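J.: Each chain, written out:
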Amino acid sequence: MPEFEPRIICFACNWCSYPGADLAGVSRIQYPPNARIIRTMCSARVSPVFVLRAFQRGADGVLVTGCHIGDCHYISGNEKAEENMRHTAELLDLLGIGKERLRLEWVSAGEGGRFAEVMTSFVEQIKKLGKLKLKEI
Amino acid sequence: MKVFEKIVQQTKAYYCIDCGICTGSCPVARVNPRFSPRLNVEKSLLQLEGEIVEDRELWSCLTCGTCSQRCPALVDYQSFVLSSRIEARKAGREGSLTHDGVLKLMMELQTFAFPQARTGWIPKEVKTSAKGEYLYWVGCLPHFDVIFKDYGTHSLQTAINALRILNRLGIKPVVSPEERCCGHDLLWNGDIESFRKLARYNIGMLKKYGVSKVVCSCPEGYRTLKVDYPNLVGDTGVEVIHISQLIAQGIKEGKIFLNPLEEKVTYHDPCRLGRLSGIYEEPREVIRHIPGLQLLEMERNRGDAICCGTTGWVNCSSYSKEIQTDRLKEAISTGAQTLITACPKCKIHFQCALMNSDLSIEIKDMLDLVGEVI
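Just so you know, the protein sequences line up as chains A and B, in that order.
When we follow numbering that gives the first Met the number 0, the leftmost residue of the first sequence carries the number 0, and every step to the right adds one.
When we follow numbering that gives the first Met the number 0, the leftmost residue of the second sequence carries the number 0, and every step to the right adds one.
There may be inaccurate statements among the hints.
[Claimed, not checked] Residues on chain B that point at chain A, a partial pick, calculated with CB under 7 Å:
1. 99
2. 117
3. 121
These aren't lab readings, by the way, just hints derived from the structure by calculation.
As the structure is a prediction and not an experimental result, all values here were calculated from the model.
Here a beta-carbon is modelled for each residue, glycine too, at the ideal position from N, C-alpha and C.
The whole structure should be built from the sequences, with the hints applied where relevant.
T.: What follows is the structure, given as structure tokens:
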């Protein structure tokens, strides 16, 4: 049986993390191709609904990335994102999906290597957790 | 469309005498001139179903039951709206979701068999049991606690207080980690398939635990388990009790002693507990029994109580805010310092309206009030 390849949704902010991912690409840094990257203007745009909907539609993990604290293009968007994701993690625990399937990371536009590292370790983590089974009650 | 003929038959819409009491009584119609229950019934009789289904105001109905209660021809407008929404959903229509739709998503996700972790909040000093006669139905309180953290409603505190009160009454209830959303909001938003799924699951869960009585602190859960489950899915095999009934009984039997509290309060009847279930007096008995507490009635009380302004987490608008501020002003005009309600959603809605106004009154759940004095 082939190894389980998790489906990951990665939200990347327009100003830091998306260019960070781009840098990883143009620098030809290798990282697992499991993620579908969705660009948002700010990490604060990622509402709990985006994360929950991703799981409902079959994602195995959700990675949210934004600018480092203090570097947000909109001054404090990433602080808001942190709060949003904290609440989302609580909801995921209540629902039984588990907060381990959600991760929030800061990646700047110059950190192509770091983006690849984050992605590699998150994919490893989700592989260990296994597939999220969407079995109906 | 044959379906609407059936809806007209079932809800006795053909009895409509065109008197307009429904629209005159409707809290939404008072603030939103485009909304009219009478007009909707007329449309169904004139076979203009398409218009009903397409109309976005279909989702503005609070299903609070004031119209049905006052209708001289006994048209069941609530069921009319419910059935129309089921049809509208089939046509791909939906109300505009509040809070980004997170609550609907939470309900939908509960139809998947994830192993939930919903009993982690129970404090150590509260006693629960694994098997027994009573089950405490927690409902959405843990979820509300997370989602409405910013509102300061502390919904979980209500659940903790409910358990503390039950312990005082000598009941160590079962709190099931396998409980799932009762499906109330899904049903009233026309998603009957998901509702049926959840209902079947919950009925099975109750049978598995072998309980004979279910205690609800949420009026919506109470109504859904007591009325909608047997009507739409099947017998639950349990007696459904609202916690206010148990407390009122406990007071009569001298099982529970309430400490004095100097306060002037007023009580808001939640629609699901009052008009839809006929429980008006028990919460009042409980409140009146607290020594020193003065219960002041609002002008529109019991069956005439107006709604808290939104339902099922759809179509919250400036109209909802108008209804809510109106109710809050009415509460303040009684001279009360605190508005007591028995529904966690009423509390959230009023708290939200309060945050956006310069009115000042405290909003408390009945269980939090009793929790303070035991």
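J.: A separate judgement is required for each hint: does it hold in the structure or not?
T.: Outcome of the hint check:
Interface hint at residue 99 of chain B: satisfied, since its Cβ lies 5 Å from the closest Cβ of chain A, which is below the 7 Å cut-off. Below 7 Å, beta-carbon pairs count as interface contacts, and residue 117 of chain B has one with chain A at about 6 Å; its hint therefore holds. Because the smallest distance between the Cβ of residue 121 of chain B and any Cβ of chain A comes to about 13 Å, over 7 Å, the interface hint for this residue is violated.
Comparing the model with each numbered hint stated earlier shows that hint 3 is the single one that does not hold.
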